[in-house]
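Chain B: place on chain A using the hints.
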Amino acid sequence: MSTPLDKPTAPSALTLRNVTKRFEGAAGQVTALEDISLDVREGEFLAVVGPSGCGKSTLLSLLAGLEHTNEGEIRIGDAPVVAPGRDRLVMFQQDALFPWLNALENVLFGLRLKPDLSDADRLESARYYLNLVGLGNKEKARPHELSGGMRQRVALARSLAPNPRVLLMDEPFSALDALTREQLYGDIQEIFTKRKKTIVLVTHNIREAVCLGDRVVLFSPNPGRVQQVFDVDLPRPRRMNDPTLAALASEVTSALSSHLAK
Amino acid sequence: MALKIPRPVIPTLIALSLLGGWEWMVRSGQVNEVLIPAPTQILEWFLWAIFDKSAFEAGRYLEALSKGELLPATWVTMRRLFIGFAIGAAFGIPLGALCARVRWVRDTLGVLALGLQTLPSVCWVPLALLWFGIREEAVLFVVVMGTMWAVVIAVQESVLNVPPLYLRAAQTMGSTGWHLWTRVIFPAALPGVLSGMKQGWAFAWRSLMAAEIFVVILTGFGLGSLLNAGRELLRMDQVMGVMAVVMLVGLLADLVLFSPVESWLRRSRGLER
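Chains A and B supply the protein sequences, listed in that same order. Residue numbering for the first sequence follows this note's numbering, beginning at 1 and increasing consecutively. Residue numbering for the second sequence follows this note's numbering, beginning at 1001 and increasing consecutively.
This is chain A alone, in the form it adopts within the complex:
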């Protein structure tokens, strides 16, 4: 089930070459990521999974351009990633919606920063994505009037609306209850199939990674490294309690625990 990393079969949306990231901590220098090389294919759903402290969130910040590498290079298409850009939008663990704006205005926020669009286009697009996540009737609601799941849906619409090349998801489901999470898995897969986005999901939930990812990259901690890559050739939409999926998830789990036991 594992494939070599350095032979992408399709043009890459994101390329990481020998990426190392270190932080200056109170206890001295910490290597969060060491020598990571990865390719994310155009239109691929890549799930990065690993225990906490394996640098997976750091990886996402690097891809988003919110942090900078110490060594190595990250490219989106042919362009090096040096700063945040609209071609890579992020869904955070907390929804990060602005409480002073309503749902529609939140979705419009990114769109308004996109030049070459008329206001009518922006409004149409914002409404389209709010509808896509099933919140067409909540335009005027402030974030605090929405449930956690609805807020993450608005956040999803907000990151999709400016039509980024890559969608980066930083454990966006971890703060939600199981039922809401299941629903969102369905929504995300539907949107992924419909819109053909490139998605990188970071999570510590192996089941979730296997359920959503076309490929699952297992990270090991201290320092963060790619340990193993799994292909998930299951038809979509996948369900969390599908037995084949569960079997694959336990395979990933045992790979992780065998490594941690070393």
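Rather than coming from a laboratory, the hints here were simulated on the basis of the structure. By construction, the Cβ of each residue, glycine as well, lies at the ideal position given by its N, Cα and C atoms.
If you want a taste of the chain B side facing chain A, the calculated C-beta under 10 Å gives, among others: (1) P1163; (2) Y1166; (3) R1168; (4) Q1171; (5) S1175; (6) H1179; (7) R1183; (8) V1184; (9) P1187; (10) A1188; (11) L1265; (12) S1268; (13) L1271.
Label-pair restraints from in silico Cβ distances: (14) L1252(B) to N137(A): 39 to 47 Å; (15) L1252(B) to D119(A): 40 to 48 Å; (16) W1075(B) to R86(A): 52 to 60 Å; (17) R75(A) to Q1199(B): 48 to 56 Å.
Computed footprint of chain B on chain A; a stretch qualifies when at least three of its residues, placed anywhere within it, have a C-beta under 8 Å from a C-beta of chain B: (18) 79-86; (19) 91-99; (20) 109-120; (21) 138-145.
Then chain B, alone, in the frame of chain A:
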């Protein structure tokens, strides 16, 4: 079945009986009315401070109102307060933002602001008089010094406390520079900025009273001057009456200016139902 008493009844009764007791103590001579005038005497002062007595008794009410000294004094004081507060906030908000933004400004101006904020602004009166003379500018200067530093500190703190998550989210969507400041940082910091303004207002009010009591400025006779005049005339009804007005104006400002904005902010962001 127990009788349900409306909530305002008991406090009103207590207040009335306290006032009645006070009135009785003064009227029966147990308390010297020069030291503590009776409530009705203070009320009487109010009446003749709003209306000029001789014109009022002659039936010329409009003239009586225009000749009364309380309303013009209140107007003078309010105008000084608003102008001083506006100047203080107009400088304080950008300076606070600058302190939050630029580290060396925070380490210099921010620290200075923290120090000056603790300085009661009446301490500025001698310098203000020397620099500006016995003029309106001197009073305004004292008010500005009372307001500005509190606003600087509040704005700095609330900008520094904007959740980094908002900034990261905004940055990934392409918001930078001026856009980031006006569309994300300022709205996120607004509740803190507002409470800083409220504090600045309270400081401005205190500074102004101190300044007006301290120096009689010939360009305008404010509430503080009126209070001080009461002291010189040994008119404690006037002193206590002015104190009541000062309190009322403060309460009114809070009720009309700050509370509505504050509760709107809190409601619209779900901090309060």
